Amino acid sequence: MAAIEIFSSPINYKYKSKICSLNFLAVLFFILLSLISPLFIISNTGGYSLKNHVLMEKPGVSFNYKYLLLANKDYNIDPVVCSTFKTYKDNEIKDDCILIKVREIDTNIDGKKDILKFEAHFYSDQAIKSLKLLLFFNFQLKQLFKTTVESIAYLTHTLNEEVQKVHFYGDLILQQKSLLSSEGLYESYNRSIEIADYSIDELLMQNFNRKFAAKITNKYVMEEAGYTNDNVIIIQAELAYRDHLIYYQPSVWEELKWIWIQYLSCFLVLAYIAKHVLIFLFSNRYLNCYIVTPWKNK
Amino acid sequence: MFLIKFIFIFLYLISNDFISHIKSVYAKKVEETFTCVNETECVYILEETSSTTVENIYNTTNSIISSSTYPTQTPKFQLVPTTQVPHKIRFSNEARNQSVYKIDSDICECDLTVSSCDINCCCDKNCNSFHLTVFSYCESHQPELFDKRYCYNRNFIQRNNTPFILEKLANNLFCILYDNLPPTYDINYEVDIKTAEDLREVINSNRPTWKWTDQIYIPEYNTSSPYQDGDVMWIIYNNYIQPFEILQSGFTALCSFKKTLKYLRNWKDQCLQTELIDTNKFLFPMAFNNFTIIPSPHLLNETYILVSDQVCPKNVCLTLTNYYCKNYWKTCSNNTLLGSCSNGKCYNIVTGVKYLIIHNGSMGINHVDVYFNIGNVSQHFYQQFEIIYEWVELDKEKSFSLSGNPGYIMGKPLIIGTLKVNKSNNIETKYINFNRTSSFLTLPIATKSGECNKIDRYTLAFGEDIKLKCSIFLHTNNFGTASCIELQNLTMHFLMQDTLFNVTQTDQYNIYVAKSGNFSSNDSTDWAQILLDRIPQNVIVGQFVNGRLYCSGLITSIHLNILYSALSKPETLNNHIIVGVGITFSAESNISWSKCLYENCSDILKVDVISYVTFHDISKPSKYYFAGGPNLDITLPYDFFYPFLSSSTCVKLNNFLISIVWGMILHNLFY
Amino acid sequence: MPTIASSSLTYEILMYLNSFYFGMFAICELGMGFFKAANLPSPGTNTTLAEFALLFFLIITEGARIYLGRKGNLTEHGLPILIGVILTVPSSLATLYFLIWQHYVLRLEVILCSIQLVLLASELVISILCLIAIYKPSSPEE
Chain V
1 MAAIEIFSSP INYKYKSKIC SLNFLAVLFF ILLSLISPLF IISNTGGYSL
51 KNHVLMEKPG VSFNYKYLLL ANKDYNIDPV VCSTFKTYKD NEIKDDCILI
101 KVREIDTNID GKKDILKFEA HFYSDQAIKS LKLLLFFNFQ LKQLFKTTVE
151 SIAYLTHTLN EEVQKVHFYG DLILQQKSLL SSEGLYESYN RSIEIADYSI
201 DELLMQNFNR KFAAKITNKY VMEEAGYTND NVIIIQAELA YRDHLIYYQP
251 SVWEELKWIW IQYLSCFLVL AYIAKHVLIF LFSNRYLNCY IVTPWKNK
Chain Y
1 MFLIKFIFIF LYLISNDFIS HIKSVYAKKV EETFTCVNET ECVYILEETS
51 STTVENIYNT TNSIISSSTY PTQTPKFQLV PTTQVPHKIR FSNEARNQSV
101 YKIDSDICEC DLTVSSCDIN CCCDKNCNSF HLTVFSYCES HQPELFDKRY
151 CYNRNFIQRN NTPFILEKLA NNLFCILYDN LPPTYDINYE VDIKTAEDLR
201 EVINSNRPTW KWTDQIYIPE YNTSSPYQDG DVMWIIYNNY IQPFEILQSG
251 FTALCSFKKT LKYLRNWKDQ CLQTELIDTN KFLFPMAFNN FTIIPSPHLL
301 NETYILVSDQ VCPKNVCLTL TNYYCKNYWK TCSNNTLLGS CSNGKCYNIV
351 TGVKYLIIHN GSMGINHVDV YFNIGNVSQH FYQQFEIIYE WVELDKEKSF
401 SLSGNPGYIM GKPLIIGTLK VNKSNNIETK YINFNRTSSF LTLPIATKSG
451 ECNKIDRYTL AFGEDIKLKC SIFLHTNNFG TASCIELQNL TMHFLMQDTL
501 FNVTQTDQYN IYVAKSGNFS SNDSTDWAQI LLDRIPQNVI VGQFVNGRLY
551 CSGLITSIHL NILYSALSKP ETLNNHIIVG VGITFSAESN ISWSKCLYEN
601 CSDILKVDVI SYVTFHDISK PSKYYFAGGP NLDITLPYDF FYPFLSSSTC
651 VKLNNFLISI VWGMILHNLF Y
Chain H
1 MPTIASSSLT YEILMYLNSF YFGMFAICEL GMGFFKAANL PSPGTNTTLA
51 EFALLFFLII TEGARIYLGR KGNLTEHGLP ILIGVILTVP SSLATLYFLI
101 WQHYVLRLEV ILCSIQLVLL ASELVISILC LIAIYKPSSP EE
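These protein sequence lines are chains V, Y and H, in that order.
So the first sequence is residues 1 to 298, counted in full-length UniProt numbering.
So the second sequence is residues 1 to 671, counted in full-length UniProt numbering.
So the third sequence is residues 1 to 142, counted in full-length UniProt numbering.
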């Protein structure tokens with residue numbers, strides 16, 4: 001019966017030498033080289049730490065049933081104001097709208113609303129010249145940190161012709177100003193914004209200065225030219241709720257997850273090379289040592 | 001043969017009979033359909049007369065009612081000899097669109113009209129094959145929900161009635177080809193709502209929804225308590241107690257909103273007045289002074305009610321002291337001027353109102369002055385409103401608003417003073433004289449026409465880098481060096497405000513800037529001298545060369561550099577101190593103008609005066625360092641360790657330890 | 001000792017192939033079982049467990065079948081091959097279950113099970129032929 005190799009194991013030679021010898025220094029040098037040089041390699045190729053990380057999340061957006069629609073006519077006429085708010089600058093807001101339609105649609109039936117349809121109807125005895133629409137939204141973030149943010153989506157448009165109907169289309173996104181730390185607490189934005197406390201420019205500035213603020217991008221406006229004061233003026237806005245990219249600073253453990261593998265991958269290669277260089281040096285007697293062979297000790 | 005003929009006739013008889021029978025059924029059906037109210041009943045009837053009858057009915061009624069060219073023939077009646085209905089024209093039963101065919105399904109979403117065929121609704125039970133011929137397509141069912149885990153849309157496996165051969169959803173090996181699960185149904189939990197309580201419980205309270213509009217808060221007159229900061233002020237107008245209201249801007253600049261004055265809240269605003277007519281009462285002083293002010297609510301409570309004739313005594317109801325001013329509050333008098341409007345022009349109307357309310361804290365108001373700015377207006381204008389509260393014990397001689405305490409606050413004006421030298425008894429004392437009227441560092445600003453404003457100057461605010469430009473016009477008939485010097489002097493007057501008078505050396509310049517907003521001492525160490533780079537020399541020459549007027553050596557602009565740094569204490573980081581101020585004059589430049597073309601005309605020498613201001617933050621980023629701990633010098637007796645080790649063994653032990661450690665590392669790594 | 005070997009080379013090759021194929025098949029099935037348990041809506045813990053148990057059963061029967069079939073073929077004993085043929089029945093039924101009757105049938109499973117069934121069928125035919133060869137009455141010379 002022919003014998004086949006089923007297993008192999010190398011012989012371990014032991015090279016013995018004094019501490020204060022060239023051999024020891026050489027071995028020490030190689031060990032230190034293989035231990036330290038990965039650090040240099042990694043730090044010169046972009047560093048260890050992840051500077052930032054991106055997470056895509058679809059926030060749970062819900063319309064707050066708060067809005068303010070300003071339709072300016074001439075500067076010497078009071079604008080059309082529609083709002084759920086009752087007072088502004090301690091004065092009563094006269095709600096001019098006869099009909100407000102709000103519909104949030106979940107198109108892909110995943111339990112999160114995807115589209116908001118907002119529609120306002122009002123009569124005006126004069127053509128409107130510009131539109132400002134403030135819609136208040138609640139954003140609920142869950143993945144990285146749990147928080148609810150109330151923010152204002154601001155639509156503004158200047159009409160250059162007399163219109164009866166204006167359509168807005170846009171994506172509603174959550175604009176992030178700076179990197180978040182993953183363990184941050186962002187509960188400070190979870191409060192109801194009331195228009196009575198501020199003027200509109202203060203309100204918008206506050207909204208603007210936040211770390212998270214709603215923003216309407218990709219805005220399309222369709223105007224239906226032609227105007228009669230007998231017919232109702234219709235303002236339609238359709239906002240698609242979009243996914244939100246959260247840029248955040250990874251936590252220590254997330255950093256470590258990436259660091260150790262970087263280090264290890266460099267270290268293993270270098271340790272392998274160093275070991276074989278040492279074997280070469282010792283076995284070819286470039287470095288002289290006492291060699292303890294395993295079979296002699298038996 | 002005979003037999004076949006017989007059968008044929010028999011069939012014909014039967015079918016004839018059948019047709020008449022159906023006719024009655026149809027009539028009955030129509031009646032029932034009209035009378036039925038309950039939807040389910042109707043459906044039931046329709047189902048009863050379904051497929052076999054309904055489709056046939058049409059044919060028969062058609063043949064009976066009209067002999068028209070209705071292209072009707074159902075395949076069912078191919079058996080009926082065509083001779084019986086000779087006028088009938090065959091219609092092609094094949095629809096143009098192959099995808100249009102009758103669909104039988106229990107649920108038909110597009111069937112939205114009772115007992116009428118919905119266009120393009122192939123599953124509508126009211127539609128027969130004749131109706132179908134007019135359809136251009138079949139209205140698709142509710143789009144199937146796609147489950148991405150399946151390889152194909154499940155619908156395809158059951159029946160393929162989609163326009164596509166198959167709908168591939170996923171193309172990988174791990175998609176579900178088919179499953180053997182029982183049909184799944186959503187758990188549609190039906191709640192039984194009987195009471196309003198149940199309803200409230202079931203409604204998801206987390207979801208935002210319409211809110212009740214809040215009742216507007218109407219301030220109520222509270223007689224018991226004296227005024228406090230932020231309380232609504234009250235007036236008596238026409239014997240009614242009302243809140244003290246003036247105008248303010250609303251959503252636009254228009255004066256459309258009312259501002260309720262709050263006690264001790266200074267306020268300044270302007271709003272646009274567009275109605276220049278006599279009926280606009282806010283154009284006339286009467287709207288702002290024809291009432292009495294309640295100085296303190298509890299005073300009125302005690303006395304006003306006692307007075308029977310309803311006339312408010314003077315100490316309870318303050319009348320206002322009126323001042324009618326012209327030219328932006330400059331010249332004021334007590335004489336009222338009658339205002340009027342006509343044809344969009346108004347004369348002597350109120351363009352600004354300023355209330356100066358002298359108060360004594362919780363004791364209420366002592367005195368109210370109202371200043372009206374009266375002017376003539378011919379177009380829309382901004383009406384100015386200002387409310388100023390002052391303490392009754394305010395000493396106007398001493399009181400002065402600081403630009404920050406202790407340092408400067410961003411946006412506050414820079415305080416300047418003049419160095420004065422007092423020589424008495426041969427002792428020279430230097431001190432800074434702070435002039436209340438010209439207390440801030442100012443720079444020339446242009447008016448509407450672009451000329452430098454001779455009256456108002458721009459007050460430089462701390463922290464803002466600015467560039468100001470205005471023009472100087474000098475009219476001269478006799479151009480020469482003298483006019484150039486005059487021009488230079490005028491420029492310097494605007495830029496430096498005559499502070500360079502009698503100054504021949506830069507260190508003689510005696511304008512100082514307060515280093516901190518809270519300048520308490522007039523000691524010159526607390527003030528920073530404005531350092532000039534040089535004194536502008538009057539080496540100006542005016543020439544007339546080639547029909548052009550030349551002035552050489554003119555200095556037209558200055559650059560003000562202000563060094564500041566943050567205060568060292570971390571708790572007052574918002575405050576800054578001025579470290580140094582310097583003025584750099586622009587290089588002497590030659591400026592030329594064209595000579596005027598006509599005789600005896602005056603030349604206009606125009607120079608642009610530009611002033612630049614730059615603030616330099618020279619504060620270093622603050623670093624925290626900790627004071628070192630106390631030094632503990634504990635020394636052991638030199639032979640303290642004697643019993644344990646001698647010096648030689650210690651070294652050996654260390655060697656031993658090192659070798660063990662390295663040995664372990666070596667072993668672990670390489671073997 | 002018969003001079004003419006009645007063991008079938010084709011059967012041996014098929015069995016050898018099948019042993020490797022089945023190893024791969026079992027691992028893939030196991031993986032897909034985990035995939036289904038993790039990713040797809042579970043029809044119930046019991047059914048999931050039952051499917052795993054059936055897979056386990058299949059591994060045992062199939063392993064036994066291959067082992068016995070090869071042994072019988074090489075040693076030219078009829079009995080192990082016979083047991084192998086009998087074991088083909090539960091084996092193919094279990095494979096059929098994975099092909100048709102299990103709760104979620106993935107495309108990969110269809111492919112793998114079909115190949116396995118083809119192998120089973122061909123082995124059945126060849127093993128019967130092999131049995132005939134073994135139990136054939138010996139030649140009159142012997």
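Careful: at least some of the hints might be erroneous.
To be verified - Residues from chain V shown here face chain Y by an in silico Cβ test under 7 Å; the list is partial:
(1) ASN76
(2) THR87
(3) VAL232
Derived from the structure by calculation, the hints contain no laboratory data.
Given the structure is predicted, the values throughout are model-derived calculations rather than measurements.
Backbone N, C-alpha and C fix where the C-beta goes; we use that ideal spot for every residue, glycine too.
Structure-based check of all given hints:
no. : hint   : in the structure
1   : ASN76  : holds (4 Å)
2   : THR87  : holds (6 Å)
3   : VAL232 : violated (21 Å)
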